[in-house]
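Engineer: Spelled out, the chains give:
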Amino acid sequence: MSELAARKRSDADSGTHVKARWVGRIGFGILYLILGILAVIQIYPLLWLFLFSLKTNQEVFGMSPFALPQNPQWGNYPKVWSQGHINLYFLNSVWYTVAAVVLTIVLASFVTFAITRMHWKLSKLVLGLFIIGLMIPLHSTLIPLFNFFKHVNLIDNPLSVILSYTAFNLPVTIMILLGFYQAIPREIEEAGVIDGCSVHRIFFRIVLPLTTPVIATTAIINMIYNWNEFVFVNTFISSDRWKTLTVGVNNFVGQYLTDWGAIGATLMISIIPILVAFLLLSNRIVEGLAAGSVKG
Amino acid sequence: MLKKKALPIMLAVLLMMSFALAGCGSSANNADGSNAASGGQTVIKFMHLWPEGSSKAQYTIVNDIIQDYEKQHPDVKIQTEILGNDQYREKLKVLASSNELPDVGMTWSDGFLKPYVEGQLFTPLDDVIDANLKDAFIPGVKESYAIDGKTYGMPLELNISYIFYNKEIFKKYNLQVPKTYTEFKNIVNTLNQNGVIPAAVGNKEGWPGSFWFMYLADRIGGPTILTDVIQGKRSFNDPDILKAATEVQNLVDMNTFEKGNSGLSNDEAKGYFMNEQAAMFLTATWELPNYTTSKDVPQEFKDKIGYFKFPLYEGGKGTDINSYVGGPGVGLFVADHSQVKEQAKDFAAFLVKEWGNKSVTDAGVIPATKVDTADKKLDPMYVEILKDLNGASNVTTYFDTQASPNVAELHHDLIAALFGKQITPQQFVDQTAAALAEEKQ
Amino acid sequence: MKAVMSNRAAIAMYVLPALLLIMIIIYVPLVLTGYYGMMDWKGFAPMKFIGFGNYNKLIHDSMFWKSTYHSVLLGIFSTLSLFIYLAVSMVLASRIKGANLFRKIYLIPMLLSSVAIAQLWSKIYDPANGMLNNLLMAFGVENPPLWLSDPNIVLYSIFVPIVWQYAGFYIIIYYAALKNVSEEVVEAATIDGATAWQVATRVKLPLIAPVFKVTIILALVGSLKYFDLIFVMTGGGPNHASEVMASYMYGEAFSKYNFGYGSAIGFALLVICLLMTWLIRKLTASNEDVQY
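Protein chains in written order, with the numbering used here: chain A, 1 to 296; chain B, 1 to 441; chain C, 1 to 292.
Check each hint, because a few of them may be wrong.
List of simulated lysine to any residue pairs, SDA-like, C-alpha gap at most 25 Å [claimed, not checked]:
| no. | chain 1 | residue 1 | chain 2 | residue 2 |
| --- | --- | --- | --- | --- |
| 1 | A | 150 | B | 259 |
| 2 | B | 179 | B | 77 |
| 3 | A | 150 | B | 77 |
| 4 | B | 167 | A | 256 |
| 5 | C | 97 | A | 256 |
| 6 | B | 259 | B | 409 |
| 7 | B | 317 | B | 388 |
| 8 | A | 19 | C | 195 |
Calculated directly from the structure, the hints in this document are not laboratory data.
Same shape as in the complex, but just chain A (with noise of 0.2 Å):
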C-alpha cells in the first residue's frame, strides 16, 4: 500500500493538476453518457413489454416493434383477468414464491455458516454435494421427480411445487452465500466466544445480521427464478386452483393460434409485483452494509 501511495504522490507532484482536472471532467461526462445509454437499453424491454401488450396478433408480427399500437387493445388485461384465469393464479405466484424464497435463505444461511465458520470433518464433502446439485439438467428430473411426488402422494399439492423450487435453488443460493460469509472477519464470532454465547446466538445475532445484503441479493435472484417457473408447475399440479401465473401465459398458447397480446398483458401484470418486490429489496442490499458496520 505504500508503494502505491508513494507512486501517487509522485505523480501528482508533475504539475498536472489542471489537465487531470480536465480529462477527469471529460472522463466523468462519457461515463455518465454510456451509463445514460446503457439505462435507456435497459429500460426499454420494459416499455416494449407494455406496447406489445396492446397490440393485436397482427402488429405484433410484421409491423416495427417499436410501432405503437394503432388501436390500443386494452381490452386484453381485463380478457386475460378472467379467461386466463390470471386472478385465480395471482396469489399462488405469490404465495409459492414468498415460501420457497424464505425456506430457500434460511436452509442456505444454515448450511453455509455450517460450512464456512465451524468445524467438522465432513464439510468439504457436504459442500461438494450442493455443489453437484448445481448440475444437474431438469428436463432429466422431470419424470423420476413426478414418480417421486406420487409415492408420497403431493401430486397436485403446492408442496411439491415449493419444495422442488427450494431444493433447486438451494446449491445456487448457498454458492453465493460462501463467497459473502468467508469475507466476515474470525475476531467477530471469537468476541462472540468469548463473550460466552452459544453457537445458535452467534448465528441468529451475530453472523445473520452482517449477512443482509446478501440475503437480499439471494432474495432477488430466488425471486425472480421461481416468479417465473413453470416446468414444475406444469407437470406437479393438475388442478387450476393451484396454477401460477406462468401457466397462465400458456394458456393464450394455442394448438394453431396464439393469442399474443393477452401473453404480453399477462406478462405485463405479472411484471410488477416482482418488479415492486424487487425495488423494495435493492435497497436493503445497502443498507445491511450500514447495520452491518455499527456492529463490526
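Mind docking chains B and C on chain A? Use the hints.
Structural biologist: Frame of chain A, contents of chains B and C only:
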C-alpha cells in the same frame, strides 16, 4: 432488531405450514385420487389442450358438451385439466411414464400414437365406434389412429392444406390463380420484380416448409408416394422425391420465400402474410377463422383472402388437383389402465359426436366427422372447402405425422436445412432414407 | 472457540434439513438419470437394460459433441462477460451521483421471464421487420445478416440475449460484494493516498475474489446446462447449428421418445460440468489465500 427475531419465527411458521399442507393435501388426494368418489359418483379425468385463453370457441364447445353429458348421466363427473399445446405434449409423456394418464385425453395420429399403443397405454375403441359412430367419419381419417387393425383414437379434426393468397395483390399485378406449376413460377417472378415477397414460410420448426415439399412430391411422384415410403413400399431415395427436393431449392433460388425463413417460427412468417408483405401462404384449414370469422382480424383483410389448390406439375405423376396434403389433428384416446374405462369410452364417443355437430359453426374447425352443410349458416369459404373435401380424390397424411417421432424430428431439421441451402437435395433424401432404413431393422 | 464452533448437534441441525431435501429432490433423480441412461427406454413401455450401450453411442455421436462444443463456447462467453459485469458493478458501487437509480434500472431486464425475452429478441432479430436489420438498412447495409437463420452466425446471435439475460444476476452479486467491503479498509487506503481507481483494483477486487470465483463456476455450469432461450428462439436449429447439450437432451428425451439416451446425455452433461468445475477450481486455487 425486529428482523432477527422474525427469522426463526418465520421458519417455525413455515415448517408448520408445510406439514399442515402435506397433511391436508395428501388426505384430499386420497379422496379424489381413486376414481370412485363419494356418493357413488364416477369421476372421469379428461385432459385437453384448448385453454379458454387461446381457443375460446373450442373450450366453450367442450364445456357445453361436458355439461350435457353430466346432465344425461347424473352419476358421472368429468374432471378436466387444460394445458397449452407444448405443455400438453410434455406432460402427457411424463404422465405416461408414471402410468398416470387421464381416463380420456387427446392424442395425435400415426407416429405420435404408436409408442403409446406399443406401451399398452391406450385402449382399442373399435367397439364404441361401431356402436356410436359407425360411418360417421370422413373415410380414411379414423385409419390414421389404427395400428394392426385396431383403432386407438377417435379423430376430432381434419385439416387440409391450400395456398391462401391475397387477391388484391394478385389483381394489382394482373395475376391469375395458377393451374400449373409453370404458371405458379411466373407469378413468383412477377411478384419478385415488383418487390413483393411471393410466399411466406417459417421453417424454425420445419413443418411449414414440409408442406411445400410434400405437395411437390405429391404432384411429381403421385399421390401415394410418401405413404408408400412410410409403408416401406418405396424408398425415400426415389428420383421423384429427389426431384421434389430439388424443386424446393429452385423455389428458394427464385426468392419465392422471405429471407431468413429458416429462423422464423410459423407465427412470425404468418405475420408477413397477415400484414400483406407476402402474397401467398401455404397453410392448413386451421387458419380459416383468421380469414373468415375471427373478430381480431380486420374485415378488409379477410375480404382480400382467397385460396387455391396446389398447382399441377407438368409431366408429374400426380395429375389430379383434388389430391391434398393434410391430416387429422387431435383425436381422443381412452387410457388402458382407466378404472372407469367403459364410462370413459362412452363419454369420448359422445364428445366426438357432439363436436362434429358444433365445431364448424361455433369454432370454425373442420371436424373429422361428416358435416351436413345444408342446415348450417357458414361462411362461403367453409362451404367451398367442405365441398372440396367431399370431392377429394386423396388426402395424404402429413409425412411427419405418419413417420415415427425420430424420423419426424429429422425431417423437420432437414427441411430447414434444405430451405436454408445447408444441404443438397441428394443429402436430404439420403439422410432421410438412412434414418428410415435404420428403423426398419 | 473450537469447542463452541464444533458443536455436533448444532452442525447437524444446520446442515441436515437442507441436505435431506437435496438428497431426495436432486440426488434421487440424479441417480435414476444415471440408471435410465443404461436403459433402452421410451419413457414408458418396458425398459431394456443395455449397459453402456447409450454411452457408447454417445461417444460416437458427432451431434452430441457438436452440442457440447456449443455449450462450452457459451460457457467461455459467459465467463468472459463476467469481467464487463464486474466493471459495471464497480462503477455502480462507487459513490457517483445517481448510482442507486442506475443500478435499479440496469437490473430490470432480469425480472423478465424467458418467454418475454425470447419474444423481444425475436423482434430484434427478425430478418426484414426486425429492429436490428432496420437499423442496419437505415445505415445503408444492403444485405444485413440473417441473425437466426444463418447457420454460421446463429450461435453467436443467440449468445447475446443469453449473456444479456444474466447481466443483472451477476451485477447484483458483485454489487452486494463490493458494498460488503468494510468502509474501514477503504478509508485506510484512501488515507494512504490511494486514488479511487487504486482502491478499486488493489483493495476491493482482491477482497471480492472469493465471490468472483464462485460466479465463474455459476456462469460455467449455468451455461453448460443452459436451455430456455435456445429452445424457444431457435429450437437448436437451423439444422442443429445452435444446438446445446440441454436442448439436444430435451429433443432426444421428449421429442423423439429416446428417454434412455436422453438420460445418458443428461448424465454426461453432469460429468462434463464436474470436470469443468474441478478445472476451474484448480486454475483459481493459487489465489486461495486472499482471505483476511
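Engineer: So if I understand the rule, the pair passes when the alpha-carbon distance is 25 Å or less; does residue 97 (chain C) with residue 256 (chain A) pass?
Structural biologist: violated (51 Å)
Engineer: Please verify whether residue 259 (chain B) and residue 409 (chain B) have alpha carbons no more than 25 Å apart.
Structural biologist: holds (23 Å)
Engineer: Is the hinted pair residue 19 (chain A) and residue 195 (chain C) satisfied, with a Cα-Cα distance of at most 25 Å?
Structural biologist: The hint holds at about 16 Å.
Engineer: Holds or violated: residue 150 (chain A) with residue 77 (chain B), Cα cutoff 25 Å?
Structural biologist: holds (23 Å)
Engineer: Given the hint that residue 167 (chain B) pairs with residue 256 (chain A), test it: the Cα-Cα distance must not exceed 25 Å.
Structural biologist: holds (24 Å)
Engineer: Holds or violated: residue 150 (chain A) and residue 259 (chain B), Cα atoms, limit 25 Å.
Structural biologist: violated (48 Å)
Engineer: Please work out if residue 179 (chain B) and residue 77 (chain B) have their alpha carbons no farther apart than 25 Å.
Structural biologist: violated (53 Å)
Engineer: If you draw a straight line from the CA of residue 317 (chain B) to the CA of residue 388 (chain B), is it 25 Å or shorter?
Structural biologist: holds (21 Å)
The structure does not agree with the numbered hints 1, 2 and 5 stated previously, though it agrees with the rest.
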